[in-house]
Amino acid sequence: MRVRLSFQPEAGLDRLLLRNALLELATLRLYRFWARTDLRRHLWASLKVGDDALEYTGHGYELFLGFAIAFTVFIPLASLVGNFFVVNTDAVLATLVFNGWWLTTMFLTAAGRYSARGYQLSRTLWRGICAGQDGSRWAYASRYMIWSAVFCVTAGLSVPWACEDLARYRVRHTIWGNRRAQFHGRANQLIRPWLRVWAVCFGPLYGLCLWQIWQADGNAAAPIWGIANLFDLINQRCDSMNLYGVGVALFWVCLTWLYFYAAWLEWLLDQLDIGPSQFSCRSPTGLFRRLFQRMILPAFFGFAALTLLMHANLHENGPFYRLDYVESVWACLAVAFIAAIGMGAIWYRFVVIPLWQEMIASTTVDNVEAVARTMQSRLPRPRFGEGLWDIGHAHLF
Amino acid sequence: MPISSDLVDNFRINVGRFWDGETAREQPVSVFVEPDGLRIEGDDETIVRWPTGGLRLVGRYEAGRWFCVRSGTGAARLHLPPRMHDRLLRECGPLQQGREPVSVKLSLLLLAMFGMLLIGYAGLLLPKVSEGLAALVSSENINEFGRQNFENYVARRGRSRGGIQFCVAPAGLKALSKLTRSVAGVMPELSPNVVVVLRSRLNASSFGGGYAVIYSELIDYARNDAELTGIIAHEMGHGVGRHGLRGMLEAVALLNAAGILSSTGAPSIGYALTSTGPKISFHSQEREREADRSAIAWLQAMSVDPTAVGDLMLRFAADEGETDFLDDHPTYAERSAMFHAAAMKGYPLLTPDEWRALKSICRTTTKTAPVSPPEPS
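In the order they appear, the protein sequences are chains A and B. The numbering of the first sequence is my numbering, which starts it at 45 and goes up by one. The numbering of the second sequence is my numbering, which starts it at 26 and goes up by one.
Incorrect hints may have been included.
Distance ranges between label pairs, derived from CB positions [to be verified]: (1) B/E59 to A/P424: 31 to 37 Å; (2) A/G289 to B/R381: 54 to 60 Å; (3) B/T393 to A/G291: 36 to 42 Å.
Read the hints as simulated data drawn from the structure, not as lab findings. The beta-carbon is built from N, C-alpha and C at its ideal position, and this holds for glycine as well.
Construct all of the structure, not just a fragment, from the sequences and the given hints.
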């Protein structure tokens with residue numbers, strides 16, 4: 045028997061996103077653990093296989109506890125490294141320590157991401173049967189680091205092979221009840237979409253980063269500081285065209301990333317088996333055009349925020365115009381914080397969720413009746429949430 | 026909530042779908058309402074009894090065509106059609122939805138514990154760490170730290186409206202130099218580099234190392250050279266105590282934590298930090314006291330009566346108003362008491378002519394800093 049997957053967000057999603065955004069704003073994003081849980085409950089319940097929806101059974105306090113534990117371990121270390129940069133006067137040593145710390149954080153973030161996936165699966169039920177993940181987070185993070193090195197050497201052209209290897213590791217360690225998932229995807233199916241993205245976006249971006257690192261005598265932090273200099277651009281009463289140029293580039297990066305994400309999602313769903321049930325997915329025609337259309341609203345919001353920010357800084361009647369340098373940096377950060385939270389909600393509501401909706405609606409599962417014999421999972425459930433991933437993500441980006 | 030006998034007699038659902046939580050097999054069931062809960066029956070036998078108080082609504086599917094109910098935290102699930110579900114709701118009262126009460130309580134408890142942890146980290150651990158790390162930095166590097174801070178300050182003020190103007194009347198500079206040399210004679214490690222900036226602000230600032238600035242309004246406000254010597258000694262006290270560096274180290278740690286706590290990204294916060302300098306310190310009152318203690322010791326070593334600085338504090342309090350406990354300085358009353366307690370017979374360091382010249386130091390101004398910073402070591 046073949047059944048179709050469907051993803052139809054229930055009523056109340058807009059209200060939930062708005063409430064989450066306001067509460068995150070009020071709590072300086074500390075509410076995000078509970079917001080994420082509520083959103084997942086909502087989204088999981090919207091994804092149905094046949095007549096039955098998924099169920100998310102995680103709790104906000106589990107996410108927070110995981111975060112608090114990782115925070116307690118990580119922050120003193122990160123602070124010591126930060127303090128090293130204050131007291132150190134040796135530029136070579138500083139570059140070495142920075143790059144070493146950056147790689148360590150990348151490794152921990154990859155491991156944290158794998159653990160976070162395990163946590164999410166362990167809190168996902170369908171027909172009362174729990175999903176889960178085994179395998180080692182460190183093995184996964186090691187693979188991730190090796191592929192990152194290959195990525196640097198091949199100027200990003202290795203991405204399809206990295207996707208294949210990492211997806212295979214993730215999927216083969218995924219279980220639902222006593223069934224193990226299998227993945228048959230091959231890198232060559234991803235080469236064409238990735239080459240398109242590489243040619244129009246990633247290749248030039250990679251070249252730009254390399255050039256910045258070259259200019260900064262091999263300091264891998266240079267591109268990051270390049271982005272951080274945006275604040276300086278705003279603050280130095282810069283040529284506004286520079287900032288709009290950055291905005292247009294960001295729009296283009298997001299659009300091409302979405303295009304590849306859709307291709308990757310189709311590839312993943314099409315090559316997946318869970319026990320005797322096989323998934324298949326064909327992405328709908330005109331997806332890229334619709335993605336472009338959906339990006340217009342977030343882009344409009346982003347450009348409006350940017351324009352307001354510049355008006356506030358540059359125009360004589362602007363509220364930040366008369367502030368001194370330090371105050372205006374903080375004011376810009378505050379506006380950027382508010383805009384980022386608003387953008388997050390809009391991005392989810394108008395871009396990501398509709399994309400999932402289309403891709404999932406294009407997915408079918410064969411032989412679904414065989415799942416009736418699936419027994420409950422005996423895998424131990426992780427007690428904590430996604431702390432390491434949350435912290436690593438915030439620290440890296 | 027006990028179920029009414031009327032409901033027990035009449036409420037029977039024949040079309041429930043049940044998963045027992047052990048297999049994914051769907052079982053069509055009949056659901057009977059009993060005084061203490063639900064009885065779920067498969068083919069001829071009772072599968073499970075669920076007490077009403079533990080029932081929980083965990084999902085609504087297909088625009089309310091099915092409702093998923095579970096009992097307690099078990100994995101078994103019962104899907105009910107909406108008509109039956111509505112009746113169950115009407116007769117039994119609302120099913121629990123959303124967050125479980127235990128989840129809310131646990132969240133609040135964890136938040137409170139985390140808050141205490143943060144306070145302990147910022148209030149107890151950070152000052153010790155920053156003190157230990159700052160002690161490892163050589164006095165040459167401390168001076169270099171001060172020089173960089175000073176140059177950042179000059180560059181920043183230079184970009185602001187009106188720019189920056191240093192007071193450089195030659196006779197005044199000579200008098201100022203005499204005062205700073207006197208302080209340098211009694212303090213360890215650092216050599217003072219003090220400048221006067223034309224600004225209507227009743228204050229002085231240390232940049233770390235021997236670098237400090239006195240605003241012109243404070244020069245106008247001072248009544249004798251002992252008061253200004255006390256101010257210079259106080260700012261040098263910050264330098265010797267490495268307070269600027271310690272504040273910076275704490276600010277890095279705190280902003281790092283804030284960036285991760287709010288998940289806004291460490292680089293942006295780090296950048297804001299480099300722009301703002303050491304603005305955040307929970308321990309500034311204690312450091313002000315430490316700088317005052319150093320100043321008193323050095324004033325006594327120079328045979329300058331600390332009472333003059335105590336009087337200056339009292340005038341500040343009268344003219345500007347007393348500070349409160351949230352301020353980054355202790356109250357003027359406390360500070361003046363500390364200086365008055367160290368009273369001794371003192372002598373002026375400047376002649377009346379030199380003092381008048383110092384008071385007139387802003388007759389000539391320039392946009393270039395009058396100190397020539399030492400080469401970085």
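Now for the hints, and whether the structure bears them out:
no.	hint	verdict
1	B/E59 to A/P424: 31 to 37 Å	36 Å, holds
2	A/G289 to B/R381: 54 to 60 Å	58 Å, holds
3	B/T393 to A/G291: 36 to 42 Å	39 Å, holds
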